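Those protein sequences? They're chains L and U, same order as listed.
Sequential numbering from 1 applies to the first sequence in this note's numbering.
Sequential numbering from 1 applies to the second sequence in this note's numbering.
I should point out that these hints are in silico values taken from the structure, not numbers from a laboratory.
From a predicted model like this one, the values you see are computed outputs, not experimental measurements.
You can trust all of the hints, since none of them are fake.
One-sided excerpt, in silico: chain L residues whose CB lies under 8 Å from chain U:
1. I55
2. E75
3. K78
4. S85
5. K87
6. Y91
7. E98
8. Y107
Backbone N, C-alpha and C fix where the C-beta goes; we use that ideal spot for every residue, glycine too.
This is what each chain is made of:
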Amino acid sequence: MSDNKVIQVEKLTKMFGNFTAVNAISFEVEKGEIFGFLGANGAGKTTAMKMLIGISNPTSGKANVAGFDVFTRAEDIKKNIGYMSQKFALYDDLTVKENITFFGGIYGLSRTKIKEKSAVLVEELGLEAVANKLVGALPLGWKQKLSFSVALLHNPKIVFLDEPTGGVDPITRRQFWEMIYKAANHGTTVFVTTHYMDEAEYCDRVSIMVNGKIEALGTPRKLKEQFKVDNMNDVFLKLARG
Amino acid sequence: MKRFIGFIKKEFYHIFRDRRSLFILFGMPIAQIMLFGFAITNEINNVDIAVLDHSKDATTEEIINKISASKYFSINQFIEKESDIDAIFKKGKVKAVLNFEKDFSKNLIKDHNATIQIVTDATDPNTANTISNYVNAILIQYQSVLNKDINITYQVVPETRMVYNPELKSVYMFVPGVMTIILMLVSAMMTSISITREKELGTMEILLVSPIKPIQVIVGKVFPYIFLSIINAIVIVILSIYIFKMPIQGSLILLALESVLFIITALALGILISTISETQQTAMMISLMGLMLPVILLSGFIFPISSMPLPLQLISNIIPAKWFNIIIKGIMLKGVGIQFLWKETLILIGMSVFFIALSVKKYKIRLE
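Only chain L is shown next, with the shape it has when bound in the complex (with noise of 0.2 Å):
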């Protein structure tokens, strides 16, 4: 494997039952890359994703994530990655320094270098004056910000992101992808799932799935004249209407 793809899955498929979730989808990403992952709600994008990140067995096929096989060094995975859910998942009744403290530790951050972290966070995050406050008080918009912050915490290869935007504002959005492109600056991989197409167009590639399968795959200008439209709205509205 190049040292350049940190993604690689070739024909990963995942049943439930008689049915099939992830049909024998491949592709690759690259390292530094931000990979957009769209498809519609039920379209399996969760379930491959849960696959990459170590927490779902695959049923066939293979994938390699961050150099590590996810049939069998899943705890490898784990610990070179970082995830953000679409549920906001720090937790409320911990102070902003508590939850960067507990996940710093986690990931097995020493004390030293968990202070360091978190004092650099939270100035750039503009949170010095909340940072002995409870999280729960806090705007959506800045916990999911603090939220992506955290998930970057231990230096991860690749960070996970499932649809890290749902619910919060334009312009909160517009500095979340700030921060996003910051960290594929920085050589961090960017994997992340979305329903917003303006979004997509933010990508370096995206993907689209339906039902199941990936039927599309390329970067927004690829995508937009192969399918003769002028935004990943369209795009993406012929292929979900076949």
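Given chain L's structure and the hints, the job is docking chain U onto it.
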């Protein structure tokens, strides 16, 4: 290990920042033990009784004095005719009426036979029963004093001795019961709620994606509750010794070890509940309905198992609280050691192993 300590610290933040769980953890045990110890009691004390004395002679006076001298009864009033009995019960304060027949002394001396009618208000059957037993006891005692000088050739003299709880204090029965309830409640309900809470909030997913192992997550979640349950058990024992003057006959160390064993059984149940429920509410309902009711009704804590119908007796065997109740009563009241309790202990160990094995099987390490 460092991860683990960080995790436990987080759990304590959760507990200490949530007023509800703080109340369940610390308010409830104290409230329950006080309630059961003081308010809810099978004993009778200073029950108001009325006297309808048709003779008003020396003997009846003596008996009345004996009864009012006992701490169980106080004579509330004297009534004059039979028809007053019903009226006085309807008022509700008087629970029993002693009705002495006419010419009580005379009959006693002449026929060696005189009658007292004990009328009790049986809207509360247990109390009525206890009152009539107590009055009977006082009468029998009086009778034996009367018969002292008379030489009766054949006589069966029952000599009753109440062992392990000679004063028949109901608190002796409630303390072990309350301890069982509290340990079950805190350990099973609180852990199942705290685990399902992480599922509900989505943080469980984050934890499963992190390098921390599922087993560490579970142990980390239950550890604080082991610790708090032990503190609770200690508080209950201290309260019962110093406030209710309950003697602990057996070994405190054995009591502590058995309590830890029961806590582990309850925690295992809590984990099992959390694997089958998706929301905190479900977990709470299952814990309350599935655990609390059987603990209260079928553990033998309030209702004796031996007088239940056979199916219920059989069901009571699968209730861990039943076995713990036997153990804890044995240690506290009878002062017996492990040589008499090994069977119950083994049953609890077996149940814990079974529940843990079942949870491990059910626990979805890989969330589907």
